[in-house]
Amino acid sequence: MMNNILKRSLLAITCGATLFIAACNDDDDNNQWSTNKSYVSEKTYNLDSMTSAASVKVMTYNMPNVLGETKKATAMVFLPKTSRPANGWKVVVWGHGTVGIGDSCAPSNNAFNPRFKNMAESLLAEGYVVIAPDYEGLGTAGVHPYLNLKSEANSAIYAVKAYKDHYGSQINGQWMSVGQSQGGHGSLGTAELSNNDSNYKGAVAGAPASSLGYIISVVAPQAIKNLLQQEQEGKVPVGTAVEVYAELLAYAAYTTVGITAYEPKFNYREIFQERSRAIAEFAEGTTGENGLCLDDLHNKFAADIRDFIVKNGGKTVLDYPGLAGDFQENPTVKKFLVDNQPATKKINTPVMIIQGTADMAVPYPVTNALQQGLKDMGTDVTFLPVVGASHTQAIVEMNPQLVAFIKAKMPANQ
Numbered sequence: 147m148m149n150n151i152l153k154r155s156l157l158a159i160t161c162g163a164t165l166f167i168a169a170c171n172d173d174d175d176n177n178q179w180s181t182n183k184s185y186v187s188e189k190t191y192n193l194d195s196m197t198s199a200a201s202v203k204v205m206t207y208n209m210p211n212v213l214g215e216t217k218k219a220t221a222m223v224f225l226p227k228t229s230r231p232a233n234g235w236k237v238v239v240w241g242h243g244t245v246g247i248g249d250s251c252a253p254s255n256n257a258f259n260p261r262f263k264n265m266a267e268s269l270l271a272e273g274y275v276v277i278a279p280d281y282e283g284l285g286t287a288g289v290h291p292y293l294n295l296k297s298e299a300n301s302a303i304y305a306v307k308a309y310k311d312h313y314g315s316q317i318n319g320q321w322m323s324v325g326q327s328q329g330g331h332g333s334l335g336t337a338e339l340s341n342n343d344s345n346y347k348g349a350v351a352g353a354p355a356s357s358l359g360y361i362i363s364v365v366a367p368q369a370i371k372n373l374l375q376q377e378q379e380g381k382v383p384v385g386t387a388v389e390v391y392a393e394l395l396a397y398a399a400y401t402t403v404g405i406t407a408y409e410p411k412f413n414y415r416e417i418f419q420e421r422s423r424a425i426a427e428f429a430e431g432t433t434g435e436n437g438l439c440l441d442d443l444h445n446k447f448a449a450d451i452r453d454f455i456v457k458n459g460g461k462t463v464l465d466y467p468g469l470a471g472d473f474q475e476n477p478t479v480k481k482f483l484v485d486n487q488p489a490t491k492k493i494n495t496p497v498m499i500i501q502g503t504a505d506m507a508v509p510y511p512v513t514n515a516l517q518q519g520l521k522d523m524g525t526d527v528t529f530l531p532v533v534g535a536s537h538t539q540a541i542v543e544m545n546p547q548l549v550a551f552i553k554a555k556m557p558a559n560q
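Basically my numbering = 1-based index in the sequence shown + 146.
Everything labelled a hint here was simulated from the structure, so no lab data went into it.
Hints should not be assumed to be uniformly reliable.
[What the hints assert, rightly or not] Below are the DSSO-like pairs computed for lysine-lysine, each with C-alpha atoms no more than 27 Å apart in a straight line: (1) Lys-371 <-> Lys-381; (2) Lys-189 <-> Lys-263; (3) Lys-296 <-> Lys-227; (4) Lys-296 <-> Lys-371; (5) Lys-491 <-> Lys-347; (6) Lys-347 <-> Lys-371; (7) Lys-446 <-> Lys-521; (8) Lys-446 <-> Lys-371; (9) Lys-307 <-> Lys-492; (10) Lys-347 <-> Lys-183; (11) Lys-227 <-> Lys-203; (12) Lys-307 <-> Lys-480; (13) Lys-371 <-> Lys-203; (14) Lys-203 <-> Lys-553; (15) Lys-218 <-> Lys-296; (16) Lys-555 <-> Lys-347; (17) Lys-347 <-> Lys-492; (18) Lys-555 <-> Lys-227; (19) Lys-446 <-> Lys-491; (20) Lys-371 <-> Lys-307; (21) Lys-555 <-> Lys-492; (22) Lys-555 <-> Lys-521; (23) Lys-189 <-> Lys-203.
[Stated by the list, open to error] Label-pair ranges, simulated between beta-carbon atoms: (24) Ser-229 <-> Gly-314: 49 to 55 Å; (25) Gln-560 <-> Gln-375: 51 to 57 Å; (26) Leu-193 <-> Asp-453: 33 to 39 Å; (27) Val-364 <-> Thr-528: 49 to 55 Å; (28) Asp-522 <-> Pro-557: 27 to 33 Å; (29) Asn-264 <-> Ala-232: 25 to 31 Å.
The structure displayed is predicted, hence computed values, not measured ones.
Heads up, the beta-carbon is just placed ideally off N, CA and C, and yes, glycines get one too.
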C-alpha cells in the first residue's frame, strides 16, 4: 500500500520540488549492556559557544557497533543554565545531518551547525539537557556506517545510557530524539528501537532520509532532466543540475563506503562507473577515517562533471558516467536498502515529521507517503508541511512548533 502511495505521489511531483537525499578499541563482549556502564570520560568542548549552555562537554562512551562489538563513540553534551528540576534533568538527543564519514567531519570536531544551534539554544532555555552524538565511527575508530538505521539509533540510545550511568540521580530518565535529514532517519530509528522503553517519550524528524533506491533510480533522473530544461528556459541558474547530481553522487559514495563497516568484503567501487569511481574513493580516503567531508566531496564530483561536459561536446550531466546502471541489483546494496528504510513498523510514541514542500534533497511526496504509512500502522503522527521551504530551511522555520511538541510530550519541569 505504501509503495503505491509513494509511486502515485512521485508521479505528481513538479520539477521544482524534487531531488534527493541530503542528504570517522575495545573488543569486549556485548552481552551485558544492562549491567555494564557505557560512560567512559568527558572533556570540555571549546571550538564554539552556546549562549544558553552552562557547559559543553564531549563525552566518550561505549556502544555496540554494527559488528556487535563494543566500541567507543563520542557525543557533545549541553547542560542548561536553568536550575536543575527537583526530579532531575530530562534529555533531548539531536541527530545531525550528513557531514561525511571522515573523523574530521564529526560535529564535535567542528563549530556548531547554525540549524542545530538555533534549536539547541531554544531547548536549553527551556531547561533540557541536549546530547548530540557524532554517530558510530565519526571522530572515533572505525568506518562510519552512513545511514545504517540501527547504528544511528544505538549511537543515540547508548549516549543517553552513558549520561544516565554517570550522573545518576541528577537525571530524570525521560528523553526524546530530534534529527534532520540523516538525523531524521536516525530519530525514527531511535523511536523504533525504543518502542519498549517507557522513558522514551517521542521523536521529531525533519526531512528524514528514506526510499533511497527509488529516489536514486526513478526520481533523480527525471528531476535532473527537468532541471536541464529549466536551465535552458532561464528559470534556474545554469549549472544547477550539475550541483544536484554531484550531491547525489556524494551521498551514494558515503552510503556504499559505509556498508564496508559491516561488510568489509563489499567492493563499493563496483557501484560506480570507471570515471566516477576515482572520485568516490575520496569518500573513504586512504584509511576509511580520513575521507573528504561533504562540501569537498561534492565539489570534486561537480568539477569532474563539468570537465566531462566541456570535453565531450553534445553531452549533458545525464550522460556523466556516475552510478552503474544496475547498482540496485547488487545483493549487498539491495539488502541495505531494505534493512535501513525507516518507519516500516508502528512507533508506540508520538512522532512529529517536518517537511519542506520545495525540498531539493528529500522530495516532499516521499516524506508525505512515509508519514501516511506510519499513520496507517497506528502511529500518532503530527505532520508539518512547510510550504516553499527547502531541505534545511523547514526545520528552522518550525522550531517554535518543534519546541512546543517536546514541551507537551515531555515537560522539562514536571
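Inset, instruction - Identify every previously stated hint that the structure contradicts and give their numbers, smallest first. - result: As far as the earlier hints go, 3, 4, 6, 7, 12, 13, 19, 20, 24, 27 are violated by this structure, in ascending order.
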